[in-house]
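Participant: Sequences listed follow chains A and B, in order.
For the first sequence, numbering that gives the first Met the number 0 begins at 0 and goes up steadily by one.
For the second sequence, numbering that gives the first Met the number 0 begins at 0 and goes up steadily by one.
A couple of the hints might just be wrong.
Below, computed lysine to any residue pairings styled on SDA-like, alpha-carbon distance capped at 25 Å [unchecked claim]:
id, chain 1, residue 1, chain 2, residue 2
1, A, K309, B, H271
2, B, K389, A, P148
3, A, K309, B, N163
4, B, K235, A, D312
5, A, K202, A, F286
6, B, K198, B, N163
In short, the hints are calculated from the structure, not lab data.
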Amino acid sequence: MNTLAERWELEPRPTVCVLEDYIGAQARWCPGCGDHSVLGAVQRLARDLQLPPERTVTVSGIGCSSRFPHYMKTYGFHGLHGRALPVACGIKSRRPDLNVFVVTGDGDCCAIGTAHWIHAIRYNMDLTILLLDNNIYGLTKMQTSPTTPIGQHSNTHPQGSQLPPLNPISVTLGIRNVSFVAQTVDWNPPHLYATIRAAYEHKGASFVRIFQRCPHFTSNIFAKAQEDPSRILMMTHPGGINLDPNMARAFPNRIEHDPSDLSAARALADREDVFTIGLFYRSAASFRYDHQTAQGLGATNDEKLAALRKALDRFLVS
Amino acid sequence: MKPSALEAQTTPERVPPGIVDQHIVEIVSDSGEGAQTCGQSFGAICARNGNGVWTVEIIPAEIEPPARSRAGASGSRIRIGSRPVTNAGDFADVVFAFNEQVLYSRIDSGALRPGTLVFLDSTWAENPIGEIRDMYSDAVADFRRRGYAVTEIPIERQCRKVTNEPRRGKNMWVLGMLCALYDLDLELVRSEVEKRFAKKGGAAVEKNRALLEDGWKWALENTAHRFHVPASPPDKPTVAMNGNQAIGLGIMASGMELCAMYPITPATSASHFLASAFPQVGGFVHQAEDEIAAIGFAIGASYAGRTAVTITSGPGLALKTEFIGFAVMAEVPLVIVVVQRGGPSTGLPTKIEQGDLLAALYASPGDSPKIILAPATIEECFHFMVTARKLAEEFRTPVIVLSDANLATGQQPFPKPEVSESWLASPIDQSDWDQETAPFAWDPETGLSTRPIPGRRHGQFVLTGLAHDEHSHVAYESGINQRAMEMRSRKLAVLAGSLLAPRLHGAGEGDLLVVGWGSTLGAIEEAVDRLRARAAKVSSLHLRFLSPLEPGLKRIFSRFRQVMTVEINYSDPIRPPYLTPETRRYSQLAQLLRAHTLVDIDCWSRVPGSPLPPGLIEQELSRRLDDIQREGTHNEHTR
Chain A
0 MNTLAERWEL
10 EPRPTVCVLE
20 DYIGAQARWC
30 PGCGDHSVLG
40 AVQRLARDLQ
50 LPPERTVTVS
60 GIGCSSRFPH
70 YMKTYGFHGL
80 HGRALPVACG
90 IKSRRPDLNV
100 FVVTGDGDCC
110 AIGTAHWIHA
120 IRYNMDLTIL
130 LLDNNIYGLT
140 KMQTSPTTPI
150 GQHSNTHPQG
160 SQLPPLNPIS
170 VTLGIRNVSF
180 VAQTVDWNPP
190 HLYATIRAAY
200 EHKGASFVRI
210 FQRCPHFTSN
220 IFAKAQEDPS
230 RILMMTHPGG
240 INLDPNMARA
250 FPNRIEHDPS
260 DLSAARALAD
270 REDVFTIGLF
280 YRSAASFRYD
290 HQTAQGLGAT
300 NDEKLAALRK
310 ALDRFLVS
Chain B
0 MKPSALEAQT
10 TPERVPPGIV
20 DQHIVEIVSD
30 SGEGAQTCGQ
40 SFGAICARNG
50 NGVWTVEIIP
60 AEIEPPARSR
70 AGASGSRIRI
80 GSRPVTNAGD
90 FADVVFAFNE
100 QVLYSRIDSG
110 ALRPGTLVFL
120 DSTWAENPIG
130 EIRDMYSDAV
140 ADFRRRGYAV
150 TEIPIERQCR
160 KVTNEPRRGK
170 NMWVLGMLCA
180 LYDLDLELVR
190 SEVEKRFAKK
200 GGAAVEKNRA
210 LLEDGWKWAL
220 ENTAHRFHVP
230 ASPPDKPTVA
240 MNGNQAIGLG
250 IMASGMELCA
260 MYPITPATSA
270 SHFLASAFPQ
280 VGGFVHQAED
290 EIAAIGFAIG
300 ASYAGRTAVT
310 ITSGPGLALK
320 TEFIGFAVMA
330 EVPLVIVVVQ
340 RGGPSTGLPT
350 KIEQGDLLAA
360 LYASPGDSPK
370 IILAPATIEE
380 CFHFMVTARK
390 LAEEFRTPVI
400 VLSDANLATG
410 QQPFPKPEVS
420 ESWLASPIDQ
430 SDWDQETAPF
440 AWDPETGLST
450 RPIPGRRHGQ
460 FVLTGLAHDE
470 HSHVAYESGI
480 NQRAMEMRSR
490 KLAVLAGSLL
500 APRLHGAGEG
510 DLLVVGWGST
520 LGAIEEAVDR
530 LRARAAKVSS
540 LHLRFLSPLE
550 PGLKRIFSRF
560 RQVMTVEINY
570 SDPIRPPYLT
580 PETRRYSQLA
590 QLLRAHTLVD
600 IDCWSRVPGS
610 PLPPGLIEQE
620 LSRRLDDIQR
630 EGTHNEHTR
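Could you put together the complete structure from these sequences and hints?
Facilitator: Pasting the structure below:
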């Protein structure tokens, strides 16, 4: 028979958060939009890791994907076009206790917000950055984005885009102090989930580019990759992002890649013949700017006042 | 050099009286020769002595402009008085020039008057290059023709006796001479130099003391000029600093812990000061990748519960306006310091202008009501930062503090602030949020609300720049936007209701009322005082709150026959046929006050890139007063 220990306390069960605790407003993206799967993955991740909703902040800019915070039941910040990253860095600067997700798009991050993207990677503050890349401006109705493939027709380039698209992974891997770069697809939930989870668990700025379908404007771009898995190249490594063997069967085309090898990562990122998914690069040694920005958080009022008087005394003339 | 030899080459045309109520001194050199250090030290010594002091820097646009060039002039103007000094004054009484070309720069700026005592380094007369010798002697003759009382002094030659690097020693030698000239206690001077050079070690202190004492001794032995500006030593602890340092210290005292900035003249020195001092109170300066990122970072920190500050100047303000509008819309407390410079565009980066008032008020898209403060003194630069954070949090809105290049680089003594714990920020509230309370539970009367800060359970909401209702839900219904605008707007009316009517300088009624804002306070009041001493019926009023405007203005204005603003921003003069009272563009505060009070407010403004001297203001006001008098007589005739 079970007996109680002599000394016992009835402890209230810690609150368990269920999926509904992370589900905010009804998502208003188009049916079939890849953003829905990313939202689901982040909500499941939050539940699985029991992230306290009140200590989690989702920050976005402007664009279709930037509606994301409204659909989470965490704290959210739906800011300005291109400017999610400075805000997220500011939030993190004096609140290391908060989990911060940044949701941005190819226009938001790679066009109007490019400066902030480069520097946020360089700052390497503990953020999970999700680039939802559908290769097009959706919210403003089909304009060419920096990642639009050559030849793709849009309302701003009716004859087809002519500039070679910007490669967000190559760019990110070119930034000194980069610490986590991965790529995944919205249409494979296990890989999407595993990638976002690895990104969250990495301490530092984790950059994840997600190939994201836009059924309305760019349904052609990822269709072939969806139909023909050999067009996707999955990077594998014991230290990388790994699926269980059953799930991994969806990606027969694989390559072993050591995520600590930056040169190899850059070479893989530059391949244009396949969609490469998995972990390109991870470094735990990169400098963390948030360790700097949080300095002095513990100062007491007495310490502050004493220091302040001393600072004023430097200007005494009598 | 023997006194007799000196006598032979100087021709003082006017020997000023020994005791003077106030004096203006300028020290001007090539950039890098330390005239600014000399001026600051002299100002600090006079402040310690108990004199009123106002110091301004003369700043070249380049870091190392060519030597002996007019554009490269660098230095200080120090105005000392027996009473508090509130502005840089009119013409220099005494100028020390390290070469003749930098003196020309000051003449071009209108800083000298006939009779100004000029002490000019005569070492150039011995220069191996004939062209330089000629330039020098031509200039000396020219200066005398212009009526300046030139005394040639062998600054560099004397310095060579103490140091083989005279370029780095001339300023201390001149400081010594200045202190002798102004009858200051040598011990006071020595201790100031020790204080200033203590960090550089004993050898530096020794060298500078030697230079100082040689300059002092040389002055006593070789010149007849001696001035005494009576002083009363301050009875309580006094600090002296420039406006940007005051802003930095004010930020530290305000409880703000984060400053996010991008380098821009003339604002950056505030951040320089903070970068070294802020960590002592647990604060951090973030140098962002651009102006937009700087304010975004500050907004992020503010949103997360630590009200932050961003510091910029006009061009930076232009870049920040979208985010300022966001902070208004999303009601994020935030402090934005704008140290104004000349505009538009890159304008006059190192020079003063008050040209950003309307940009601060209106530059964001849509209606973006926000609080705007303008400190008028260096002491106010300190205290307004404390006020700004409190207002930002209380009213859940951005607060813009408009300083300018004159305050930024001017130095003035003021009583050491008694810092208070109540100025510091409370810890971030992390208690549970009442689920029934909306994130924008606007009080219908005041528009005020409190905000859930990340970390508070049950307070989760999405802050958005989209039009939203009190739940921060995106407005899809008509009516929501109207109501939200009303709520944000009435906060300003509530603040206006809590302000006192501005205090008048002078009588409460009269012929002319002058309205100013920002750093022109001292010059305007001095001009008004001079005119009042001659029985002119003129008063002045200086606004510190520009949004909302201080209450009672219309009533105050109604007691004067004419109201005008004096500002350092552009306005058209009346010059028919094109520039008529109808087509003319008014200065910025005048536009604002005209719209606000429906009073026919006139303006007089100038954009010389330098502070308006009280004499110039006096001259203009005097002209206006004459006009008013004439019109009055005319009206009486025709009645």
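Participant: Let me make sure I understand: some of the numbered hints might not hold for this structure. Which ones are they, in numerical order?
Facilitator: 2 and 3
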